[in-house]
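4 protein chains.
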Amino acid sequence: MIKVGIVGGTGYTGVELLRLLAGHPNTELVAITSRSEKGKPVSALFPNLRGIVDLAFTEPTVANLKQCDVVFFATPHGVAQSLVPEILAAGIRVIDLSADFRIRDIDIWEQWYAQDHAAPNLVAEAVYGLPEFNRDAVANAKLVACPGCYPTSVQLGLKPLLEAGAIDVSDIIANSASGVSGAGKQANVATLLSEAGDNFKAYGASGHRHQPEIEQGLADMAGEPVGLTFVPHLLPIIRGIHTTLYVDLKQDMDVQALFEQHYANEPFVDVLEPNSYPETRTVRGSNCCRIALHRPGNGNKLVILVVEDNLTKGASGQAIQCMNIMFSLDETAGLSMPALMP
Amino acid sequence: MIKVGIVGGTGYTGVELLRLLAGHPNTELVAITSRSEKGKPVSALFPNLRGIVDLAFTEPTVANLKQCDVVFFATPHGVAQSLVPEILAAGIRVIDLSADFRIRDIDIWEQWYAQDHAAPNLVAEAVYGLPEFNRDAVANAKLVACPGCYPTSVQLGLKPLLEAGAIDVSDIIANSASGVSGAGKQANVATLLSEAGDNFKAYGASGHRHQPEIEQGLADMAGEPVGLTFVPHLLPIIRGIHTTLYVDLKQDMDVQALFEQHYANEPFVDVLEPNSYPETRTVRGSNCCRIALHRPGNGNKLVILVVEDNLTKGASGQAIQCMNIMFSLDETAGLSMPALMP
Amino acid sequence: MIKVGIVGGTGYTGVELLRLLAGHPNTELVAITSRSEKGKPVSALFPNLRGIVDLAFTEPTVANLKQCDVVFFATPHGVAQSLVPEILAAGIRVIDLSADFRIRDIDIWEQWYAQDHAAPNLVAEAVYGLPEFNRDAVANAKLVACPGCYPTSVQLGLKPLLEAGAIDVSDIIANSASGVSGAGKQANVATLLSEAGDNFKAYGASGHRHQPEIEQGLADMAGEPVGLTFVPHLLPIIRGIHTTLYVDLKQDMDVQALFEQHYANEPFVDVLEPNSYPETRTVRGSNCCRIALHRPGNGNKLVILVVEDNLTKGASGQAIQCMNIMFSLDETAGLSMPALMP
Amino acid sequence: MIKVGIVGGTGYTGVELLRLLAGHPNTELVAITSRSEKGKPVSALFPNLRGIVDLAFTEPTVANLKQCDVVFFATPHGVAQSLVPEILAAGIRVIDLSADFRIRDIDIWEQWYAQDHAAPNLVAEAVYGLPEFNRDAVANAKLVACPGCYPTSVQLGLKPLLEAGAIDVSDIIANSASGVSGAGKQANVATLLSEAGDNFKAYGASGHRHQPEIEQGLADMAGEPVGLTFVPHLLPIIRGIHTTLYVDLKQDMDVQALFEQHYANEPFVDVLEPNSYPETRTVRGSNCCRIALHRPGNGNKLVILVVEDNLTKGASGQAIQCMNIMFSLDETAGLSMPALMP
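Top to bottom, those sequences are chains V, Z, X and D. Take this note's numbering: the last position of the first sequence gets the number 513, and nothing is skipped along the way. Take this note's numbering: the last position of the second sequence gets the number 513, and nothing is skipped along the way. Take this note's numbering: the last position of the third sequence gets the number 513, and nothing is skipped along the way. Take this note's numbering: the last position of the fourth sequence gets the number 513, and nothing is skipped along the way.
Since no wrong hints were added, every one of them can be taken at face value.
Identical copies look the same in the list; a pair holds intra-copy or inter-copy alike.
No farther apart than 16 Å at their CA atoms in a straight line, the calculated lysine to aspartate or glutamate pairs in the EDC-like style are these:
{"#": "1", "residue 1": "Lys472", "residue 2": "Asp342"}
{"#": "2", "residue 1": "Lys237", "residue 2": "Glu199"}
{"#": "3", "residue 1": "Lys211", "residue 2": "Glu444"}
{"#": "4", "residue 1": "Lys174", "residue 2": "Glu199"}
These aren't lab readings, by the way, just hints derived from the structure by calculation.
Next comes chain V alone, as it looks inside the complex:
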């Protein structure tokens, strides 16, 4: 059994890790830390885990994590970079769900997150944890930086095209919409049910922290810089991301075949049949990402529709998928449950 620790397990990616690990056949949860909830049983905070998780939160120290084989960081940005060096030094592998190690250019990171980076030397060592792009590197990584929720959907929706050189990379439009759990469990007027419920709006159109991450990832796939317009929107649902991508094909081609072949062996990417519309509910609580393709009027404009659960494939599920790869487990271990529908 892989011994697992979680740092910062009081937020939504934390409880999602706990839910998924509870059904994982090859792991044992040995420690979960939270400075603010130290001493409190996990199930007191998350009643869905009553009778399932018996641990209490402990102080986030290396001592409390030293028996772990792997530690997940489900912390706000800025936290992992302070603690990770010590954890790695203890020979423990780390999977970070925060933004701390996602962006290779330290200047860009510091500009978007408005703070100095505490462990810039580790950024180069970190492996970007998108298994569909980086599986081999993940397998050998000591430190995995899990992709953000929006970036996962955009990158999976464009990867076959970028690697095939099939589209004009100078003008990519990503129109995304996320459930409100993406904003985390912080008390915040803007995400109250009375404010965000029965409502829809864009935000971050003039600049969102996921933009540089997405641009980096797309450029890696394209082999050249890309021009991206990214507009996120806030959905009045709890879980789910839907991304609608608009790109121009360089020439006529069978994009359906391209996607189907590209993802034929991927356990968590499902290319729908032609003329389909993926729905966020079909991936609710599942690690699956579903993609459909449309070419209105058979023109050169390609519309790509992508759905994922922002907390699962967009965060904790993908983190566990990375763990499975790192420890040579079945990549789908603990991740094969169907979505909850209806």
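Since the structure of chain V is already known, use the hints to place chains Z, X and D on it.
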């Protein structure tokens, strides 16, 4: 034109007052105060009022309110009691939407609200602003204490029976459910969309602040103390209260006729036809309270179903209804819009 | 008083007409027809109108409508074209909320609606009821074809740019999302709460009936054909449309000033301040359309955000706005209520 | 491996059976029937099962089911009673999720369901599938009648009290609220998102089909007839039932201890700590039923709060729990996943 001021207009009862006053033919809004938002245009906080309300928030001082004929307090409990004496002394009438002046027994108030009352002498002077029960007193009041949202629904649902002596008052059950706007606009984890959305739960079953207010009101109607079990629940909707009342009839009677006659002349109480089910959406944004009656198996157990919009008839609409009465306006002025449905 | 009739008042645009007309100072509702609900009181179908609308549904015949000055058609497509000729012949003006008279090219209409058009000669005579584009023609119209809900949002979001020749019209992207009331009140598995609730998906990406209407309207504004990619999505809310438009500016310009000046005198178009995000809830139940502009990185890609209530500015409110113009009333009569928020 | 068949797998209890069986270690799904969807892949109807369930729907004939060890009926009432005799005769065990075999008194069944019962002789043979009450009988049953969703919550909330003779059984109030999936997947105006969304209402207060089933179950537990007032309500959520029970204790007692001891060994009944409020989201997709107890003012009125997922413990999960018992499997096999929260 009646000159109106609002103290504490940044919450949900505040914006509801603004919405309703915007359509009122006999009022002019002359001042709206907020310590925290001083100087900010009202429409910057409430974009639905862009082009409709041009005022900015000012400091809550008597000087800023002195040209008013009436001042509404849409503040958290504890605020009105400090400022109201000075306002009344300036000859301005006051309608308080908070709990400060609802409960006549100061000890009980201090116990439930865990603070000393700053103006106990005004409590006796205050008129409980339930027009259907207290219309004449409201007309002459200097200080009106508007009923709470739950208490309005429970009292209107029981008034005909209590005044007719028709039920066993020792065992009244009020099972209520409220939309989340009743919890106000405070940042709070429990009312995030991610927490309160797609969910239903009871709360306050062992004691809720509205319990003593309801008991006082029911006793006033019955002429004797009542035994009340009150259990509120939290609905994943923004607006609306639904109360299901269970009482025992003392003897067989035509309760439908009793209610229809009792409320025949009330502009904001609508007794539905037999075998009806009032829906919260039928009063969304309206000042109407709808009631239906059921006697399962024609036994002595009577089930009374009551709906209202907690922000309208349960708060700001009822406050304006009181103002209309106080200033001898048409009682329905500014309050005759239909509910928004669907 | 303008005498008003409604044909087909059992759907959502019908009840929205009734809600708005109830508060209109210059109209009298004299007839409302429905073949299926003949004889039933309107308030039995729409309990929010109890005590407000006293009419019952009657048979949709010219005899029942002959005392009207104007008749609104709130019917499914295909119905108005059969009945309108007779109504017009009786000297009654008609405002059609359906798609019957929106598209000038009969072949295109017949292709998208899969039926023969019963009154092709009236199509040329019909005036497209977008007041911001067509105010003078609406004033004199006998027959107004009200725009569709999506087309209203797209056209209002692009009109200043198209008329100024400011953008590349060959590649316009309109990413829209609508509340489910846009699908009407028909029993339908896909729009059950259990199916459409807590979900988000695109639909019609390969072709939607509003596409030719939008293309016609944009071409009218641009003076040349346009290239449009239109992808609608289904939101888990009842009311509201949000459209995100992506266009390329031909050259650097002050688009904020362009929009503000263009719409300075429009009572129902509100251009938000720079760096704003319009929310659907800020127009819930209101006839207002709110627009905000974003230029990520100050590049030539312009993102235009537009919200409206699909049942109000997107249907029944706009229809009443047209009526006000046709009968030389104040254009805002009956339409000045603020949105219901929260 | 237990060979499983499902008759009528196109509704919500059907897809929930499929979701749960997909994770069951001891079963193999060998047939799923639907007259209307014959030949269609299951995953075309339920996209959450793409890559998980490979079967297609077949005709509901005994021939198609003959290799099964057990057949679940997830059909509307009236269907199972026609087909079950033949299935049983083939030596196959049957678990019926419909109402066909729940009520022992045929006259009462025929009165509430307005049809003749086609297999009255099997009713006596059927075992009521509430494992907490009937575990031994279920183990040996050939035909299990699974309880309804509301009845499960009411019975589990009262069982300890009834068996202890602790309450006045003549006046039990059950105030229940259900998510809309309880109404099934039929096209129906009343359960459209536009109608049932953002709304709350009671229904069936004058008589609901679950009333006789609940009364029968409570009487079995009490050993005498009970007096029950049952009022169901419709919640604007997809999954979840919350029942608030009001009963009178005969004398002071430690009800918390009673419940904790009573359910100490039950894997799917969780008695919360004192002063807790169970939330429907804590059982979303889980087979767990959570219960909390409140005695306002420490009086004799006891308030019992019960939550369950209507599709899981209220239907398909409980059916699989029965199957586990019938085939001597671990009772929790396939049912140990935590609820999906948030």
